[in-house]
Amino acid sequence: MSHTFTYKAFGLIFKSEFEIPELLPSEGIPDVELSLGKTPEQLNEITKQGVKYQATKNEFLLEVDHIARYYVKDGNKVHVELLKDKADKEVRLFLLGSAFGALFLQRGLLPIHGSSIKFGNSATIFTGLSGVGKSSIAAHFVNKGFQALADDISVVNHNLEVVPGFPSLKIWNDVLKKLEIRNDSLMEIRPNIKKFQLPIHDQYFTESLPLKNLVILNTKNSPGFEMEELTGIKKFNAIKNNTYRYRFVKGLEQQLDHFQILSKLLPKIKVYKVARPQAPISLIELGEFLQKNLNLDV
Amino acid sequence: MYKKNIIWLASYPKSGNTWFRVFLTNLLFDSEIPANINDLAETSISSSRKIFDEYTGLSSSDLTFEEIDRLRPDVYRMQSMESEELLFKKVHDKFYWIDNNQTLFPQEISKGAIYFIRNPLDVLVSFAYHSAKPVSKMISSLNDSAFAFCDKNDKLQNQLRQILGSWSDHVTSWTEQSLIPVHVMRYEDMINHTFEKFKEAVKFMGIEKSDTQIKTAITKSDFSVLSSQEKQDGFKEKMIKSKSFFRKGKIGDWQNHLDEKMTNEMIENHKTIMMKFGYLDENNKPIF
Chain D
278 MSHTFTYKAF GLIFKSEFEI PELLPSEGIP DVELSLGKTP EQLNEITKQG
328 VKYQATKNEF LLEVDHIARY YVKDGNKVHV ELLKDKADKE VRLFLLGSAF
378 GALFLQRGLL PIHGSSIKFG NSATIFTGLS GVGKSSIAAH FVNKGFQALA
428 DDISVVNHNL EVVPGFPSLK IWNDVLKKLE IRNDSLMEIR PNIKKFQLPI
478 HDQYFTESLP LKNLVILNTK NSPGFEMEEL TGIKKFNAIK NNTYRYRFVK
528 GLEQQLDHFQ ILSKLLPKIK VYKVARPQAP ISLIELGEFL QKNLNLDV
Chain P
2 MYKKNIIWLA SYPKSGNTWF RVFLTNLLFD SEIPANINDL AETSISSSRK
52 IFDEYTGLSS SDLTFEEIDR LRPDVYRMQS MESEELLFKK VHDKFYWIDN
102 NQTLFPQEIS KGAIYFIRNP LDVLVSFAYH SAKPVSKMIS SLNDSAFAFC
152 DKNDKLQNQL RQILGSWSDH VTSWTEQSLI PVHVMRYEDM INHTFEKFKE
202 AVKFMGIEKS DTQIKTAITK SDFSVLSSQE KQDGFKEKMI KSKSFFRKGK
252 IGDWQNHLDE KMTNEMIENH KTIMMKFGYL DENNKPIF
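These protein sequence lines map, in sequence, to chains D and P. The first sequence stops at residue 575 when you use the working numbering, and every number in between is there. The second sequence stops at residue 289 when you use the working numbering, and every number in between is there.
Note that these hints are calculated values from the structure, not bench results. Treat the hints loosely; a few may be bogus.
Unchecked claim - Derived list of chain P stretches under chain D, where covered just means 3 residues or more per stretch with a C-beta under 8 Å from a C-beta of chain D: (1) 55-62; (2) 155-165; (3) 239-250.
The beta carbon of each residue, even a glycine, is placed where N, CA and C say it ideally should be.
This is chain P alone, in the form it adopts within the complex:
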């Protein structure tokens, strides 16, 4: 009875997820002018408190994190059931099993997941900038297996709790699970081979669009467009402390910000996964 109509757009933060969401919006709506970055649907955020409260009929602020986790799969099932179309949901949670033998993201409604991965050295620099935190502190977060968003229990935070784990945990959780088909997109490939990589993703999602339509959507989602939109009207997904959300998006910017000690600490912590996804060569030297 379930429809497999949800596509999870999953990533550790600062890995190209929002860029792809803007592309997708442009591709699907195909309007004359580029889609507004502030019009990305609220329903598309899987940790939305509003959606959870509406669908459960309960106030998430009256529930424990564990109770919320146990109900989240049903919220997605209901959204899936009510929709005749493909649903795209942005996810920062890692992929995990909740205590009563089910995964947070249910297999039976999932058409697939696109997993965005980016050189963790660049993620580190970008994430530190966006959280207005020192790089040294951010290194600990990327290495913290209990790292989570919105996990304080003495105040109400704007989204549901999201467990991310360490950067390596996060990548492993999504790319090594076998319940939901997953298509991995490296941020560096998205930058260097935009059309080919975006086309592959479109094909993976089973969306019928011509090369021209894909190319047009890419142009409308160009970094310069997003950045100038943000300069003009702001972007609601930006954190208050950071100056801008669309900052540089460059490959290898870490070289301007990390000293040798920081670089080595990161490589030491994430060597296996970095190697696996082509971020380190055989001598453990960064490739990008």
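Pulled out of the complex, with its shape left as it was, chain D reads as follows:
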């Protein structure tokens, strides 16, 4: 392949055989190489298996039907076998999601399932179950003029900093409407799914920041907001349970690294559980509650 592309994302330099317009161009010595071509169909000595993935100590293989197969090895190689004609946005969606998640775990990093926003000189991660509003609250804060570091996967490095991911958020149509953002010029993440790639340009913060707060969002079926600061084993479990694709950790035999980074991180950060009324979600009220109770400011 004559031409290659170089990007910086999640604190790593990627050299790629195919274009990934979601990531910021960069230069430098690559940490990770992305290539196209055949992947193994099956791994040997599997330590953990899911419906669509297999893992060994240093390998990870994920298949997304009709899209691609992703083979991640030694924390520095990602091999993509296309199951469709080109490396389009659908191929990149699962690359930047589950495949990168496995890559980070192979490198002993701590990927948290959630978005992160810069408040003052530190980062706050919003995590919680799928559908709880992790990206939505990030979009709300970006809309208010704050800067975001990442959406969906927030990576914490060995210096206990959140590293910037890439400059866009994935936002569902109902939330765009709430935020009065038009979707005409936005790209759907996939055909038939009304979730859009929202570029955040200037409101993307490009430097790593120390992690200060981890906010676990959840819902309740009564009015009003509730907040609880977690300590001890609850705090530990909260981070563990919100690790991106935690079931991969075991397959990659990264429990020890994972445990070590968690133990280092625990005394440095505050962990809160914040419950909001189930529906409808009021981003303005949730945003105000979080800012007031956690002292989150510019």
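Take the given structure of chain D and dock chain P to it, following the hints.
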């Protein structure tokens, strides 16, 4: 290589499923005090997004409804494979074939299904209350062959999409399929003959428990216990708009809420199935 170790607890909403799940929890765990209604396992909900994402390694929010449906049987197969014990899974989906020649709930891992059925007139009233919707609107839902939960594609909903179809479709889909052995429980019989009916279900599931153990579990799952637990701590499966999940649970409460037109419309729509399960007499008059 597959183990038949899953029991599907299937029903249209508001038909006694949760009551039975609480009973089962009390029966299996056999603790001193009644099981907490908020401790019914998350893993036991077959439309859980969390479980799907964990087992597939993918975000269900990045997949279409059809893609999710094609993967759901494998998620259940894997849960079945990983478990040495019987697994109980609450289901509101109707029983159906997904496009590549398999059913959503695979035969080879299914020990059986308990299907809970309740007089649709009472279901209607209870469901309307719980969804905070007018009864007239709910009648259309019970009659809608495309009725589904969490089926919007412009926002992320808390569970996977569940296709229910109309009330009659739902009953037919489960009770007339022949791949998975099904044991039908009428809500009215569960109320009127609790011990006998619960004992039959326990036997169907192949669980060895004495009469005393069954009776104790029934007492611990009494409506008053569930209702007072909810009053004290709330119940997480309640929808935000409704006041309480455990409301009355009464037989024939529809008579206090439906006018003649509404009743006739329901009977007209669901006559065949109502008749088949003993909810209408030969003159098309409601029995309960």
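Results of checking the hints against the structure:
Evaluation of the coverage hint for the segment 55-62 of chain P: fulfilled, as 8 residues show C-beta separations to chain D shorter than 8 Å, against a requirement of three. Coverage of the segment 155-165 of chain P by chain D holds [criterion: at least 3 residues with CB-CB distance below 8 Å; count 5]. For the segment 239-250 of chain P, the stated coverage by chain D is satisfied: 3 residues place a CB nearer than 8 Å to a CB of that chain, which reaches the threshold of 3.
Of the numbered hints listed earlier, not one is contradicted by the structure.
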